[in-house]
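Student: Residue numbers (our numbering), protein chains in the order written: chain A, 1 to 311; chain B, 1001 to 1280.
Treat the hints loosely; a few may be bogus.
List of simulated lysine to aspartate or glutamate pairs, EDC-like, C-alpha gap at most 16 Å [unchecked claim]:
| # | chain 1 | residue 1 | chain 2 | residue 2 |
| --- | --- | --- | --- | --- |
| 1 | B | 1182 | A | 146 |
| 2 | B | 1182 | A | 148 |
| 3 | B | 1157 | A | 148 |
Derived from the structure by calculation, the hints contain no laboratory data.
From a predicted model like this one, the values you see are computed outputs, not experimental measurements.
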Amino acid sequence: MTSIRANLKMLARIIFALTCATTILSCSGEPPKSKPSEGKPEDAKKTEAPTLISRARYEVRVFPLNDVHGCEATPGCVPDSMDNGALVLAGGEIVMETMSNFSIRFVSGKVNVLNNPALTLDLSASLNKFAPDATQDNMAGNISSDLDNRVVMTKRVGNIAFDPPRPLILGPIIQNPRQFADINKLYPDIAFKTIPGTSGPQVAGKASIRVKTVNAAEKYSPRPGATFAQAPFDVLHWEMTLENAGSGSTQNVQALLLDRIGFYWRTKPIQIPRLVLDTDLASLLGGNSNSPLSQIGKIRVIMDAKEITNF
Amino acid sequence: MKPHCAALITLLALTSCGAPTKSAESVSNGLGATANERLGTICVRLQNSEPKLVAGLKKFQPVNCGSAADRKQNLSRTLKLDEPLLDRSTRQSGPNPDDKVLDVSTSMTVQLGISFARFAAQLGKAMEDAKKNGKPLFDPDKQPPLTGTLADLMQMKTIERRKLEFDETGKSFAGAIDVVNKSPTPLINLNLEIAGKILEDSVAVRFETTGSKPFETSLVEKIRGLILLVPYDNDVLAHLYVDASVHQILAGDKAMFDQVSRALGGGFGLVFSGLAQVKP
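Chain A extracted, bound-state conformation (with noise of 0.2 Å):
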């Protein structure tokens, strides 16, 4: 019998590893027992570089926080959606890039403040300062899970090292997104720096992060003009929030930490129809004091998806 249950466990371990072959996540094999060299089995367990999966233009609007009317401890709420002549400090369109690793590139996205052309605000290049290299893996190694697979944790966001992982996204993959609406945990004292050797500017700090689902049931209804949708879709609303940091903290925002980061994720296809990302404008500015725009402080930049392509 044992040898019954042993060829048992080799036919498991095959229909296993074929069971993983047909998932969007391809499984990790065990390490080589000895060394790989061309053309052997082992090889095959070698990473590819990740592929761009989809290209999304989104519609964005910026708001000043102290001007959205009782707008700013509501999780993603949407100023011009409450009828309430919130000023929209800026607008324009920004596109955003996702990769087969989940991770995404700004590639694009200037905004025109105060709708004049000669005061643009280039936010793909404030966002993507520490935007992973898209053609390295370098989600590689350092991701890790949390709360029974539902939170996505990583040790590195482009060049900043986290320690303890920082939380990432939820998922990737929601099959059923009421198995996430209980989800309210801290992330306490989680150190950040540049990785020595890296370029971009050198940063040290320390944050707390707040992972949350708002609603894991809250309905989506595309801008007007929106070609990936019109009708409206449910989503899976959560947010991560920046807590007990210093205001106004450059570092913090260069560490891809802002004050708020609000996604509506939807669920399948997978799709981030709207981005809602709390922090102040000086930050963002690269805490340039000398811009005009360093004075507005706190603002809510609002990025509704348009159009979306697929690869």
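Here the structure of chain A is known, so what remains is to put chain B in place on it, guided by the hints.
Tutor: Below, chain B without anything else, positioned relative to chain A:
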């Protein structure tokens, strides 16, 4: 060790003597008409024998099985499958416009680069150890080491639902396992029926899910396939055929297919690697 299992190991060992292992490249270039014939012969026999292990395999035909050996597969390139795809299509799977399933049929043949004698000996030794020490050949709960990639999020386990048993002839066997996620989030949840047959010196194993799983409980709706292990030229010819239906979670058909293709390629590579190593 049960007599039939011992006979299987002996049979496998006798069919080959210890030849040097081959690189995948030389294997690819070395697969000629003889390999086609060898595989094709087994496939024809499989089609005509009971139990019908090839029943319902959409694109599986003996002629395809034989010619599969012509497709030059290099294990180092299995992360991206181009050649072995037999068919793909997308269908509606529910009332919502976004309820779609991607059906793929694919196959791959490689030589494992391991002598059949060594393959059989390793398998035999591992099974002997299992018998003497009560150590399982493969621990169903054992997971690959964490690599810090998204793949780590898929920590699965297998559950023996029905023990593998040989029939009275000692040449056919059947069992059942479940493959599920370790975490409460489902991702994968498959109930698999296993059936196998020893054909002279070769082994054929069929696996098939029972029923279809909705997206909420499993990313893979259903899967059905066949594994053939055939001694050939002092080596092991491994042929895998799979019909898989995967819930479409990316909007673009091409994006979805590319991801499934990459995953299939990686998974096939794992299967071949596992077979070549045999021992845990």
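Student: Which hints, by number, does the structure contradict?
Tutor: none
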